[in-house]
Each structure stands twice: as structure tokens, then as C-alpha cells.
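Since the structure of chain A is provided, determine the placement of chain B on it from the hints.
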Amino acid sequence: MSRALKLFVVDTGPLITLAAAESLDYLLCVEVDVVIPDAVLYEAAHDASRLGAQEIMDWVKAHRAHVEIAPTKTYEIFDAARATIPNLREPELGERAAVEVIEEPGRLEGDERGLLLCEETTVLKRVVVRDRDRIVELSTLDFLTILEAERRIQSADQVFAAAARAGRSASRVRKVDGHDAATRAAIASLVKRRDGE
Amino acid sequence: MDDADRQALRDFSAGRMTALELRRRLNGATFGDVLILLGAEDLPLPRASTVGREARIERARAWMFPKNVARS
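If you read the protein sequences in the order shown, they are chains A and B.
Going by this note's numbering, the residue at position 78 of the first sequence is 78; the numbering climbs one at a time, nothing skipped.
Going by this note's numbering, the residue at position 47 of the second sequence is 244; the numbering climbs one at a time, nothing skipped.
Chain B extracted, bound-state conformation:
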């Protein structure tokens, strides 16, 4: 893995690159390969920000647990 690949991994980990773009860049690596490469570089999995998606996530929660949400 060269420096450009490592930078791509860092960009993915920071949420600046999608997994699909990264997998293409790494010659069709699977998501499992990506997990292994992240581990090798001691990088965390990306965490998508929920900003702007709060209502959507709350709607999903209400569908998943309708009784609980109705009670609260």
C-alpha cells in the first residue's frame, strides 16, 4: 500500500470519502478488507454525522419501536 492509498484510508475514516470510492481505489477491495486495512493503520470506522438527519432517524425509530415511542 502506497502513501496515496494510506491517504485514501484516512479520508474514508474521516468521512471524506465513501467506501465505494475507497474500494475502487484499492482495486476492488471488499468492505472486510477495508476493515483490516483500517485496523493496520489504527484508524477508526467512519461515523456519519447525524446533523440534518435527526428527523429521519427519529422517524425510523418510531417505525422500529412504535409502542415505546407512543408511550414517551
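Just chain A, same shape as in the assembly:
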């Protein structure tokens, strides 16, 4: 995995919107390496009963060659704490991990450039983007609109409409968080795989 353009998915919004619309593959319509911080993946997929969660985990596993789950200290500390406090909730876990990944020295080398895909400008306000010439932030809709302009997808609006439909039809009954441990183990194995390469 070493393409010149990196797509950092810095919050759960884009993943869940695209998963709900069954359109996660659109992230791979471009020649990019997709980078997802481990805590963002955890927040999006830790409860398999949540909208889009299972689809996201399946998609990440199916596209490991071009999707990096970036390890962070933020998630490592949270995961370790969960051993003694199983019901621990960490507000803004994903956002803090994303900031850590974006600010990591050496993330972009040589001529590499980065797109930050997010719904939250609040995440970006916390980031000291060192090189504005090499990093651009985009919303999910911006990203889809570019794909539509390039005729890679039929319609950005259709994707948003499909996500909204999925929201309307999804069960509003919360199920028990029964898959958390399995998801944490899956994330750990995905991160280890990348480390081992």
C-alpha cells in the first residue's frame, strides 16, 4: 500500500453514511490508500446491531490491501482501560484518535498528499495542519460530488437519499451490545497485520 494520495477518514460520519447507502466501495473509486484510525473504526463498528456497523467491518476486512487501520495511543489506552472497566465510554474517542493520526510525523512523505474525509469541522479545528498545500478536507458530499462530476458514480444525491432511506427503515429498538469484544479483537488483528508488513 503506497499510493501518492491518502484518504484519511477522520470521523464515523462518512463510513456510516456510505455503509447505510451500501456505497462504501465508492471510497475506492479513486487511486488512494484509505487510512482509518483504529478508534474511528471502533466507534463505527463496535456494536454490530448499529446501522452500518457490520457492513463497515466486512468492507474493511475485504479491502485490507488498500485500507490501513492506523493504530493510535488514544485507542490503545482506551482498550486497555476496558479490561478493568468494561462499560467505559470515552466521549470523542474517534475524534481524538483522528487528530493523533493526522498530526503523526511522517504520515505524508515525499510527494504524497492527503484528503481528510469528515463531517466534522470541529475535528479539523483541533488539528495543526502542518502543510496546507498537501492536505485538503472534504465532506462526504464534496467527495461524492467530485465522483459524480467525474462520472464515476451516477448521483451524489442518490447516495444521500439511500442513506436517509436506510435511517428511516432501520430498527429503532436498541439491541444488546453483544459484539463489542469480537469487534475489538478484529480491530487488534487488523492493526497487527499492518504492523507486520
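These aren't lab readings, by the way, just hints derived from the structure by calculation.
Just to be clear, a hint being listed does not mean it is correct.
Stated by the list, open to error - Covered stretches of chain B, going by a simulated chain A footprint (3 or more residues, C-beta under 8 Å):
#, segment
1, 215-222
2, 233-245
3, 253-263
Unchecked claim - Residues from chain A that face chain B, not an exhaustive set, calculated with beta carbons under 8 Å:
#, residue
4, Ala-48
5, Asp-142
6, Gly-167
We put the CB at the ideal spot given by N, CA and C, even for glycine.
Coordinates of chain B only, in the frame set by chain A:
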């Protein structure tokens, strides 16, 4: 969900509140929960205005599709 929560959902849908603020207000709801609540209230997903960001989006497009942009 009370009236204040519904107003928060409407504010989010209209782009007046961020998802993070909304999720905090809804006791740590996930973005998936937000999609479901929007659906229940028949509200659309927010659409950020591109005004003032046109150059940035065009730059991203050029990075994503360099050959196509060079041709046009």
C-alpha cells in the same frame, strides 16, 4: 425524545449544529443513531455549503483525477 432534542435534530439537518454537538446532546448517540432519528423526523441529511470552499474542492478533484483535470 423531547422538543429540545427535536429542535437540535432540525438544527443539525439545516447545518446549524455539528454532528458532534448533536451526538453529545443525545447522550452519545452514534452517527447511525442520528441517521435513524433524522429518518423518524423525516429530515434530510445536512449539506454543507460549498461557498468559499470551491478552490479547495477543485484542488482535491485535481489530486483525485489528475489525468482528467489536465485534459480539460
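These are the hints, each one checked on the structure:
For the segment 215-222 of chain B, the proposed coverage by chain A is satisfied: 5 residues have a C-beta within less than 8 Å of a C-beta in that chain, meeting the threshold of three. Evaluation of the coverage hint for the segment 233-245 of chain B: fulfilled, as 10 residues show C-beta separations to chain A shorter than 8 Å, against a requirement of three. Restraint check on the segment 253-263 of chain B versus chain A: 8 residues with Cβ-Cβ distances below 8 Å, three needed, restraint holds. With a least beta-carbon distance of about 11 Å to chain B, the hint placing Ala-48/A at the interface is violated under the 8 Å criterion.
Interface hint at Asp-142/A: satisfied, since its Cβ lies 5 Å from the closest Cβ of chain B, which is below the 8 Å cut-off. The closest approach between the C-beta of Gly-167/A and any C-beta of chain B is roughly 3 Å, which is under the 8 Å cut-off, so the hint is satisfied.
When held up to the earlier numbered hints, the structure conflicts with hint 4 and nothing else.
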